[in-house]
Structures are given as structure tokens and as C-alpha cells.
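S.K.: Now for the letters of each chain:
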Amino acid sequence: MKKQYIGAIVIIAIAITMIISMTGDASSYVSFDEAKVLSEKGFKKSIHVVGELPKTASGEVVGIVESPDKLSFKFEMIDENGLKQQVLFAQPIPTDFTRSEQVVIVGAYQGDKFVAEKILLKCPSKYQEDPEFTS
Amino acid sequence: MIHYFEGQLGHALVIIAFVTSLLSAYAYFRGRNQDEAWTDFGTKIFYVHALTVLGIIGTLFYLITNHYFEYHYVFSHSSKILPVYYQISCFWEGQEGSFLLWIFWNAVLGIILINTNKFWKSPVMFVVALTQVFLASMILGVVVFDVKLGSSPFMLLREVIDAPIFKTNPNFIPEDGNGLNPLLQNYWMVIHPPTLFLGFATTVIPFAYCIGGLIIGKSKEWIRPALPWAQFSAMILGVGILMGAYWAYETLNFGGYWNWDPVENAIYVPWLVLVAAIHVMIAYKKSGSALKLSMILVVASFLLILYATFLTRSGILGNSSVHSFTDLGLSGQLLIYLIAFIILSVFFIAKRWKDIPATKEETSTYSREFWIFMGAAILCLMAFQVLLYTSMPVYNQVAGLFGLDLSLAPPTDIYDAYSLPQLILSVFLAILSGTGQFFWWKKMDGKKLMEELRTPFIISLIVSGLIIVIGKITEPYYVILLVSCVYSISANVKIFIGVAKSNIKLSGGSITHIGIALMLVGILFSSGYSSILSTNYTSMVWSSEFPEEVNRDNLLLFINEPRQMKEYSMIYRGVRKETREEGYVDQNELAPTNDPLKVIKIASSDTLTLISPENSYFEVEYHTEAGKQFTLFPRVQINKSMDMIVYSPDIKRKLGADMYTHVRTFPDPDQEPEWSEPKEIKVKMGEQFFVNDYVATLEGMQPISEIDGTPLSSGDVAVKALINVQGEFSNYSAEPIFVIRDQEYVGRIDDQVNDLAFRISIQNIIPQENAVILAYQTTQKDWIIMEAVKKPWINLLWLGTFLLVIGFIVAIRRRYLEFVKMRNKGVEA
Chain A
1 MKKQYIGAIV IIAIAITMII SMTGDASSYV SFDEAKVLSE KGFKKSIHVV
51 GELPKTASGE VVGIVESPDK LSFKFEMIDE NGLKQQVLFA QPIPTDFTRS
101 EQVVIVGAYQ GDKFVAEKIL LKCPSKYQED PEFTS
Chain B
1 MIHYFEGQLG HALVIIAFVT SLLSAYAYFR GRNQDEAWTD FGTKIFYVHA
51 LTVLGIIGTL FYLITNHYFE YHYVFSHSSK ILPVYYQISC FWEGQEGSFL
101 LWIFWNAVLG IILINTNKFW KSPVMFVVAL TQVFLASMIL GVVVFDVKLG
151 SSPFMLLREV IDAPIFKTNP NFIPEDGNGL NPLLQNYWMV IHPPTLFLGF
201 ATTVIPFAYC IGGLIIGKSK EWIRPALPWA QFSAMILGVG ILMGAYWAYE
251 TLNFGGYWNW DPVENAIYVP WLVLVAAIHV MIAYKKSGSA LKLSMILVVA
301 SFLLILYATF LTRSGILGNS SVHSFTDLGL SGQLLIYLIA FIILSVFFIA
351 KRWKDIPATK EETSTYSREF WIFMGAAILC LMAFQVLLYT SMPVYNQVAG
401 LFGLDLSLAP PTDIYDAYSL PQLILSVFLA ILSGTGQFFW WKKMDGKKLM
451 EELRTPFIIS LIVSGLIIVI GKITEPYYVI LLVSCVYSIS ANVKIFIGVA
501 KSNIKLSGGS ITHIGIALML VGILFSSGYS SILSTNYTSM VWSSEFPEEV
551 NRDNLLLFIN EPRQMKEYSM IYRGVRKETR EEGYVDQNEL APTNDPLKVI
601 KIASSDTLTL ISPENSYFEV EYHTEAGKQF TLFPRVQINK SMDMIVYSPD
651 IKRKLGADMY THVRTFPDPD QEPEWSEPKE IKVKMGEQFF VNDYVATLEG
701 MQPISEIDGT PLSSGDVAVK ALINVQGEFS NYSAEPIFVI RDQEYVGRID
751 DQVNDLAFRI SIQNIIPQEN AVILAYQTTQ KDWIIMEAVK KPWINLLWLG
801 TFLLVIGFIV AIRRRYLEFV KMRNKGVEA
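Chains as they are written, first to last, in this note's numbering: chain A, 1 to 135; chain B, 1 to 829.
There's no promise every hint is true.
Just so you have them, the derived chain B footprint on chain A, three or more residues with Cβ under 8 Å [said to hold, decoys possible]:
1. 18 to 28
2. 95 to 106
Far from chain A, by Cβ distances over 12 Å, these chain B residues were calculated [said to hold, decoys possible]:
3. Glu6
4. Ile111
5. Ile112
6. Asn115
7. Thr116
8. Ile191
9. Arg224
10. Leu461
11. Asp606
12. Gly627
13. Gln629
14. Ser705
15. Ser713
16. Ile749
These aren't lab readings, by the way, just hints derived from the structure by calculation. Positions of the beta carbon are idealized from the N, C-alpha and C atoms, including for glycine.
So that you can see chain A by itself, here it is in the shape it has in the complex (with noise of 0.2 Å):
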């Protein structure tokens, strides 16, 4: 066999493990009670959940604790089943925290608590251009 067919297959089969392993890296969005099961069943990798923060009917959000050190908060989040989960989170509270219209926490359980490592905010005023005009 010629050498150049060799190194074809030998590309082709690296080629095939990335996307095998690609599926495999790849995250996925889920709910809380989907999370737990995973987590239950051993699975340790991390996921992607989607929710929002509770607020009260002035719109103030409730729930977030705040360690006496600032270091760390824990707060709620209702997912996008109406699932309510305490989740923790050991970097000081994001500036914009409050303000945001909507919330994706990377993480993962770790017996009933869900730790997350990353939290990624959609504010909405970032995202609308649309400004409030006063004249």
C-alpha cells in the first residue's frame, strides 16, 4: 500500500476520535431534576442549567446569602421548570447579580447541593438597544 493511503487513514482516524470525544466534552442544558439524576447515576461532569432568580412582586429578588467574608453567596434559582434549587457559588457576588433577567449556572451536584463554577448573566439592558427616552 502506498504511504500517502497509510497517512490518509491515519488522519481519518484521529479526525473520527475528535468528533467522538467531542460528543463526549460536549455540555448540555437540563433541569434541575434531570441534573440530580445525573448526578446520582455518577455522572461528575458539569452541566448547563437555565433559570431565573425569585423575586418578589416588587421585583426584588429574594434568597441570596451572603458569607460574612463577601467571598462567596448562596442564592435560588427557579429552572425553567419552576424547580426552586439553593446553589452555591464560591466567588463573591457578580456586580450586575440582581440585575439579571435571566441565569445559566455551569456546575454540577455534590450530594443535594448544586455547586456552581460559573455563572453567565443575560442583562437585559446589554442585550435590548433600545433606550427610555425622557424629554
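Starting from the known structure of chain A, arrange chain B on it as the hints suggest.
M.R.: Chain B only, in chain A's frame:
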């Protein structure tokens, strides 16, 4: 008054630019087989096109500098307080402006091509003009049969935004614009986008030569003129990418220069393929093999640029990227652009496929082609790997078309997903770039190779052995990468010395390869061994809720209270503003004026100019045990109109490492602090007392005749107390005021000492005892939460980049002179 004319002029020019690009593409196509009449016509039209493009840019810039906020583009991207150099950045902050930048470079490059290459003018310019057609259509802003074609930067605000104010007052013009995104207010954002878009624009040139060659049936002659352009393009694109990385390092606070963000990946991928293409093209020039592969790679690199454009501008990435553009509804048009060029390329390659000579002979392991192909294969695999992962949102979309819900999310472990596979492949890259060079310059067999490689091999083992021992490198992947990089450097240095002795003009390759290997070492150390200095070791009860392995990487600093952090003692000194006259000035010493740019220094009544009113800096001192110290000023930028708070790091650069410090959060300046219950004390004149644990002295009382510049009316009496407070590091004065109006109403104006976190007021005056009753309230001291990271040997990355550029320049010069020599001989085809 709304300035209609300028916008209409701009829009008219855009339409002319679109039409002229279309016309000149047609003319050049007709003139493809050395038809002079059509070619000249195409050239004339292209000049008109280029002038029109300049006109569009001039008009848009005129709108921006004159603050015509009735225009949507100006309103959304600019504001009155922006300095001129950031007004330039406003220009390309939006999608339309950045398309315009691309169009501009294409026009400039077109004119250069017209004037350097007569034989290839028509076929090449046909392709260039065709890209202009598509690019110009993106900013056309015309509705054809109910389909909106392009998004014009010359739209009026009221045409874009449906605000109620326009119903009552159609001529309403906002006072000020939204301003430039704070993230982009950085000098790198003035030069990074033009560089990157020059890189984007240049990728069309090798592509145009290739397709042009196929159109006119010169399927192998295009390589010579295309090669220097491909090299130029790879250099500019590479520099553009690294500028972006440097901007991210300096401005964003994720703590690094590369984040495998889809937008970064989208450009990294075509760059890798372009570099692979250059290598294969050089192999073709030497030995005549792999012409088909050259074509495929050149075409792929340009198509990948279009794919990158589609990814970053169509909105398909959604929220998976920090800096993709907002969706302007151009996704359909962008997709058509991409598909049109895929069809064009596939059609012409397929048409000529049979005529393209294939390599007949077997490639020997000791031939240079073998090594080049291996290198190109690795580069392509690297590109493929990143492309595969970055395209996840596309899979979701495509699956959605078939009614499937994939809901693939981006990988959460960036290291596993990107860094590790890229690292493994770079090991091969380093080894190949070290070894392949020997085959390049000499005929090799097994024995000779061993001889050549002996010295670099021994040197690399010794040097990397020393580095591993001294740097305590234990991670096996890192050890392997380090050894192979050091090997690549020593092998290429040996080659460089050999080549430089005979002809230094040929040394581009070895310099570039040394640069790449140095960059890899710099990346290895600065990323692999970056260490967080601010790791929090205090074991608090609260944090025990967290699992063991969760680190807390931040440090809470109260103002003027030293804290130990690894080998440094840190002190936070307070919030500073940056002034043109006196540098950083304590915010508490400044009083605002009506002009947002001007402030008054209270102590001297001087008027100072703020460099940017949105910026505040946190003064943080680092003291080492040896008694040395340095100060960093990490920044926060608060943009009210966009409601954005952006933290940027400050970096202490040392030869061996960067100290990277950024603030995570600080007390919200808009939020009123919580004050304690007031405490009253009776103090006699000259007596010492304690406020919030600080020693204070009541130095005296002084009658005053005006309050804050307003004179008292005749029946009023006012006195202020002069209180001196000793802080940890300096003394502060507090001057609360006590007013009696009309002899019966009592007014108390307290004075606040921010640094010491208290405010004090005069409750009552007891003249018979020569004493006053003071009341003070305390609050939490000012604080910041910061993260400090040490990044070792990051300078090797920048040094490597520098060498990469030099190497490219040497190589471009060589290949360009080759082309000129043959052109002047008349051997162009």
C-alpha cells in the same frame, strides 16, 4: 434640526459602491482572457468604487465626529465625551462599520493588485470585486420585494427605534449618544480591528489567484504570485489575533489572553489552514508535488473566513460568546455569501480537476515533502478539532431543522476540550518544525540525519532538563511539550546559523519556527503555571458548606488594612481618578463640576481634567518582605448609559513574570451605606476623643459666613467645628456645621470621612462649658475584593510573536522578489 443630507449622501454612496463592484466584477470577468478593453473598463470602475468607499467612510466619520445623534449608528456607538481616537473605534464597533472596514481594505488591496500584476489583473480582480459585491450588499439597506437587503449605517434613529417620543416629536434628537462599549475603550481597540480586518481582506488574494487561475486555465502558475500574499495574510492575521489576545489580557478580567471563545476560534481556524497552505505551496514550488492540496487548502482558508464571518455575525452563537455582534437580520445574506463562494470554488476546482497534474512518485520518508505534508496535516487536524467544537451551535440549528432537539452546550472544561488536544498536536508541530527544516536544506538519509540532529538533541535534553528541575515541572504533557519546544528552538537556531552564513535572506522559515516554539513555551508557562496568589486559606464555618475541593481565589481588602498574600503584604488605599495634570488623585479630594470631564481639587482649588470620567482606579500597594514595593491600579469602568460595570486588571510586568491584579467587586457607589445608631459625646475645646476607634481632636470652632458657596442670610448664624482625626497612614479633617436660622431653627450638616468610615455632626453647643456635643455614626469601611495571579514567562509569548513577524517579513520579501523577477522577465503564466 435633523441633518438629512449627509445620511442620504452616505446611503447613495453605498448604493453606488454596490453597483460599481458588480459592474467591475462583470467587466473583469469578460476581460479574463487578456481582453484589454474590458479589463481597462473594469479597472476604471473599480477606481470609482474605491473612491466611493472612501466617500462612505468619510461621511460616516463626519456624522460621528459631529455628534449627529439623530443617526442610529452614531447614537448607539458614540457619545460627546469620547476622545477622537475612540471616535475612530466607534466607527467599527457596529457590524455595519466593521463591514465597511473590510470593504475599505479590499478596495485598497484591489488597487495594489491592479498596479502590481498586469497579466493576472482580470481574473484576480474578478474574484476580489465579487467579494466586494457581497460585502457591499451587507450595508446596502435597501428593501427589494419585501426582503431587506443589508443594514445601512445611515439609518435615522427614528427609522430603527420605535420609541413613543417619535410619535409626538418626529424631529427629536437625543442630547447624547449611548457611548462606546466600555470594553472597547482601549487603545488596542483602535488598532486591533483594522489589523484583523486587513488580515480578513488579504485572505481573498491567494484565493483569488487560485480561482482566477482555474478560470483562465492556468491551474499551476497562480502559486508564485499568490505565495507572498498568502504569507502576508498569515502574518497580518496572526498579528491581529495576538493583538486581540493582548487586548483581552489587558482589558477583560477572565485572567488570561485566550479563552477559546468562539470568536477567537473562528479566526484561529482559518489562520491554521492558511499556514498549512503556505507550507504546501512552498513544497509545490520546490518539487512540483501537491498542487491539488495547495488549492484545496488555499480555498478552504478563505471559505473558513467566510464561515467565521457567518458564525460571529449571524447571531447563531447566541450567548456562547462574549463579543459576537448582535443579530442584524443578516444571517440569510451571510449564508448566501458563504454558499455562493463554496459553489464557485467547488465548480471551478471540479471543472479543472482532471487537468491538474497529480503527484506521481512515491514520497520518501527522507524527502522534504514528506515532512511538510506531515506538518500541514497536523495544522489541519488542529484546525479541524477547534472547528468541530466551535460549530456546536450550528449542529443545534441544523438538528432543529430536522425537528431534533440536540441542546448541546459548549464544553464546560475548556482545558480538556481545547487546550489539551491542541497541546498534544503542538508537540508534533514542534518536533516536525525542528526536524523538517534539516530535510528542507539538505538531501538527507538516515545517517546524515543522525549527525545533524545530534547537537540540537543533546542541547535540548540538557536545557529542558535544567528547566524541568529548576521549574519543578511534573505534569507529563508539559514536560513533553517543553522538551519538544526546546528541541525545535535549538534545531532551528542551528539551521538559522547555517542559512545565515550563506544567505540571510532565506532565513525567514527558521526565524518563524523559533518564534512559534518560543510562543508555545510562553503559553505553557504563563497558562500552565499561572498561580493564584490571593487564594483564601481562612477556614470559616460558613464556607464548610462548600465541598473540600472548591477554592476561593479572592481576597477581601479593607481600606488601609494590610493583609498578607503569599510573599506580599497588600494594602488597599482607596479609589482614585486619573487626571491629565496630576495622574491618580484620591476621589475624596475631588469635587465635581458641571462638565463631566472637569473636577476641582478641593485642597488647592485647581481645576483638573479627567482622562475618562467613567473610570475609577483602586490603588493597591504590594510590599515584599525585602522592603520593596509597587503599586497597581486595577480599574472599574461604570457606564451609566449602557448600564455596564467593567473591571479591568492592572499588570506589573517583570522580566520573568507578570503580576496580574483585578478587582472582582466593590461597594456599589449608588447604594447608601448602612449607618450605625448615632453615638453622642461631649467634647471640650482642644480635647481628644475617639471616633470609630480613631484618635480625634476638637481643635476649635469657627464662625462661617457661607455654606457651600451660598452666603448666609442676615438672621442666620453658622459655625463649623475643626476636627482632626489620625488615620492609620494620614490625618483627616472633619468639619461638621451647625446653623441657626432665624434664631430658632437648628440645622446640622454632618461631615463624612470616607476612608475612616464615619460621619460626624454637631448636636449642640454648650458655651458655658466651652464644649460641644458631637454625634457620630459609623459604617463598614471601604473595601474591595480582588484576585491576584502570577503569570510566569508570559514575555516569551510576546517575544515569540515578535520573531514570528520578523520571520514572516523575511520570507515575504524573498517570495515577493521572486515574483517580481519573473514578472519583469515576462514569465507570468
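S.K.: None of the hints should be skipped; say for each whether it holds.
M.R.: Against the structure, the hints come out as follows:
Remark: the segment 18 to 28 of chain A is confirmed as covered by chain B, as 8 of its residues place a Cβ nearer than 8 Å to a Cβ of that chain, reaching the required three. Residue count for the segment 95 to 106 of chain A with a Cβ under 8 Å from a Cβ of chain B: 5. That meets the three needed, and the coverage hint holds. The beta carbon of glutamate 6 of chain B sits about 22 Å from the closest Cβ of chain A, which is more than 12 Å, so the claim that it is off the interface holds. Listed as a non-interface residue, isoleucine 111 of chain B keeps its Cβ farther than 12 Å from every Cβ of chain A; the least gap is roughly 36 Å.
The Cβ of isoleucine 112 of chain B sits about 37 Å from the closest Cβ of chain A, beyond the 12 Å cut-off, so the non-interface label holds. Distance to chain A confirms asparagine 115 of chain B as a non-interface residue, since its nearest Cβ pair spans about 41 Å, more than 12 Å. The non-interface label for threonine 116 of chain B is consistent with chain A: the shortest C-beta to C-beta separation is roughly 37 Å, beyond 12 Å. Isoleucine 191 of chain B, annotated as away from the interface, keeps every beta carbon of chain A farther than 12 Å; the closest lies near 25 Å.
For arginine 224 of chain B, the requirement that its beta carbon stay farther than 12 Å from each beta carbon of chain A is met, with the minimum near 25 Å. The non-interface label for leucine 461 of chain B is consistent with chain A: the shortest C-beta to C-beta separation is roughly 28 Å, beyond 12 Å. Annotated as non-interface, aspartate 606 of chain B keeps its C-beta farther than 12 Å from every C-beta of chain A; the closest such distance is 33 Å. Look at glycine 627 of chain B: its CB is around 29 Å from the nearest CB on chain A, clear of 12 Å, so calling it non-interface holds up.
No Cβ of chain A comes within 12 Å of the Cβ of glutamine 629 of chain B; the nearest lies about 25 Å off, and the non-interface call holds. The claim that serine 705 of chain B lies off the interface holds: its Cβ sits roughly 39 Å from the closest Cβ of chain A, which is beyond the 12 Å cut-off. Every CB of chain A is more than 12 Å from the CB of serine 713 of chain B (nearest about 35 Å), matching its label as outside the interface. Every CB of chain A lies more than 12 Å from the CB of isoleucine 749 of chain B, the least distance being 32 Å, so the non-interface label holds.
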